[in-house]
Amino acid sequence: MRLSQGAPGAKILAFGGYQPADIVTNDDLAKRIDTNDEWIQTRVGIKERRVAGPGESEIDLAVQAGGKALAASGLSSSDIDLVIVATCTLEAQIPNASARVAHRLGIEAPGAFDVNAACAGFCYALSAAADAVRAGSARHVLVVGTEKLSQWVDHDDRATVVIFADGAGAAVVGPSDQPRIGPVVWGSAGDKFDAIAVKDRNSFLHQEGQTVFRWATTALHPVAKLACERAGVDPAELSAFVPHQANLRIVEAIARKLGADNAVIARDIVLAGNTSAASIPLALSRMIERGEVQPGGLALLLGFGAGLTYAGQVIEIP
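Numbering (our numbering) for the sequence shown: 140 to 457.
Keep in mind that the hints were calculated from the coordinates and are not lab data. Yeah, the Cβ is synthetic: ideal placement off N, Cα and C, and Gly gets one too. It is possible that part of the hints are untrue.
So the derived label-pair ranges between C-beta atoms look like this [said to hold, decoys possible]:
# : residue 1 : residue 2 : range
1 : Gly371    : Arg278    : 23 to 31 Å
2 : Phe252    : Ala210    : 17 to 25 Å
3 : Thr350    : Gly194    : 31 to 39 Å
4 : Val337    : Trp178    : 19 to 27 Å
5 : Phe343    : Asp176    : 38 to 46 Å
6 : Glu431    : Ala210    : 18 to 26 Å
Sequences are here, hints too, so could you generate the full structure?
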């Protein structure tokens with residue numbers, strides 16, 4: 140990636156992902172609601188998703204993913220001095236998730252804050268972590284995206300229950316002799332704030348699917364290209380394209396317009412569903428585990444969701 144003379148850098152040391160054990164297939168859903176496997180796969184590309192149990196919280200998911208990323212990084216809990224958790228599904232906003240996750244992982248007295256940019260949350264949090272490392276505000280940062288969307292979905296509403304799922308993904312960010320996390324391109328479309336929303340604490344998640352689909356498939360590929368441009372990377376140089384796993388049709392539409400012909404395209408949604416802020420780190424951690432991408436390759440991350448918010452950046456795969 141483009142290197143500014145004398146500029147300090149940041150890099151991702153490791154990823155980690157976690158999914159709950161309970162698998163819900165399309166056939167399982169068809170026993171409860173008016174749907175079927177063909178209908179779901181044709182419209183959103185999902186075959187199955189994971190759902191947390193009643194005693195498993197988004198904090199539990201975050202601890203599992205964060206612990207895996209920390210172990211893979213080769214660092215200890217005492218090396219982490221900032222924890223950032225991206226989530227939009229906390230049952231209660233106070234206390235925040237990050238301090239609880241840090242405590243559960245044995246990280247003593249770190250800086251700790253949450254980010255709510257919905258499905259773009261991990262990219263927002265990753266950018267904040269990289270900036271903190273480059274500025275010297277932190278040396279090692281644990282970034283976690285975690286969601287328990289099943290507690291905010293009406294399980295009799297086929298428009299949402301077939302899509303949303305639970306999971307967590309995490310990354311450890313540290314210093315580098317050169318930039319290995321590219322500049323973020325982020326923004327919002329607040330005029331569409333009600334396209335994905337929870338009206339109040341007694342309501343379920345509502346999504347205007349066609350509005351979101353049109354926006355995502357027309358407005359976001361320029362963001363992806365600009366993220367590559369600011370990193371000094373041609374899309375043809377990308378080893379992987381890891382967009383938010385919102386809908387397989389959206390993923391493939393953006394990928395075609397990006398022109399990243401040599402990149403492996405993340406399609407984790409097929410077996411994981413839409414896990415909001417967790418989807419990008421969860422997908423990339425699984426791609427690394429399966430050997431689909433190699434260390435040192437370049438990956439474009441692109442998050443987008445409620446707000447509406449979006450963010451993209453190029454990273455070097457650890």
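Consistency of the hints with the structure:
Checked against the hint of 23 to 31 Å, the pair Gly371 and Arg278 passes, with Cβ atoms roughly 26 Å apart. Phe252 and Ala210 have their C-beta atoms about 23 Å apart, which keeps the hinted 17 to 25 Å range intact. Against the hinted window of 31 to 39 Å, the Cβ-Cβ separation of Thr350 and Gly194 comes to about 36 Å, which satisfies the hint. One distance hint, 19 to 27 Å for the beta-carbon pair Val337 and Trp178, holds here, with the actual separation near 25 Å.
For Phe343 paired with Asp176, a C-beta distance near 24 Å fails the hint of 38 to 46 Å. In this structure the hint that Glu431 and Ala210 lie 18 to 26 Å apart at CB holds, the actual value being about 21 Å.
Consistency with the previously given hints fails for number 5 only.
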